[in-house]
Each structure stands twice: as C-alpha cells, then as structure tokens.
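A.B. asks: Use the sequences and the hints to build the structure in full.
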Amino acid sequence: MKEKKMTNSNSLVVLNEIKEIRKSKILFMQEAHDHDNKMSCLRQSEVHLRQDEVRIQKDKVLLEQEKIQNEEKKEERRIMTLNTITMYPMLQQYYLQRQMKILASRARKN
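Residues in the sequence shown are numbered from 1 upward in steps of one, following the UniProt record's numbering.
Source of the hints: derived by calculation from the structure; they are not laboratory data.
Glycine included, C-beta positions come from ideal geometry on N, C-alpha and C.
Hints may contain errors.
[To be verified] Label pairs and their calculated CB-CB ranges: (1) Gln-69 with Leu-91: 37 to 45 Å; (2) Lys-101 with Leu-63: 20 to 28 Å; (3) Ala-32 with Gln-57: 35 to 43 Å; (4) Gln-99 with Arg-43: 54 to 62 Å.
C.D. replies: The structure is reproduced here in structure tokens:
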C-alpha cells in the first residue's frame, strides 16, 4: 500500500511536471507567434518604406525632367526672340538654323 501511495504521489508529480511543461510549451508557442507577427509587421513596414522611397525617386526624376524641359523652353524662347540682323554672318546663320529647327520641332508636336 505504501508503494501504491508513492506511485500515486510520483504520478501526481509527473502529471504536474507534464502540465507545467505543456504550459511552458504553450507560452513559448504564443511568444513565438507574437514574435512572428512582429517580424511580419516589420517586413510590411520595410516594404512600405521601400515603396515610398521608389515613389519619391520617381517624383524626383519627373521633377528633374520637368526642370530640364522648362530650361529648354526658356532657351528656345531666348533663341526665337534674338535679333539676328546685327550679328556676324556665321553667327546669324547659326541662330537662324536653330530657329528653323525650333519651328520644325513645334510643328511636329502640333
């Protein structure tokens, strides 16, 4: 009988240990799940930041292109308003050719 009590007592100890191990395992799994969720959120944040970075780079390129186009238009306006009458013949010819190219380019665009 004494042996049986010890066995029951030992069984209870073992069962309690199993119960604690299961609790620890569940807690560990919950922590691992929480960690995975946090990592997933961090990855999503990183993806969003990279997308924002790409969008900003595209915007910068578009702004730079727009700036270049505006500078080209400004230069074309300057060339088109030049008074070539007082220029040396070669310089006059150069600017007249540039004016003709500008006019041809505008005609193609329209």
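A.B. asks: Does the Cβ-Cβ separation between Lys-101 and Leu-63 fall within 20 to 28 Å?
C.D. replies: holds (27 Å)
A.B. asks: With 37 to 45 Å as the target window, see if Gln-69 and Leu-91 comply at their CB atoms.
C.D. replies: violated (26 Å)
A.B. asks: Confirm or reject the claim that Ala-32 and Gln-57 have a C-beta distance inside 35 to 43 Å.
C.D. replies: holds (37 Å)
A.B. asks: Gln-99 and Arg-43, beta-carbon distance inside 54 to 62 Å?
C.D. replies: holds (58 Å)
In summary, the one numbered hint that this structure violates is 1.
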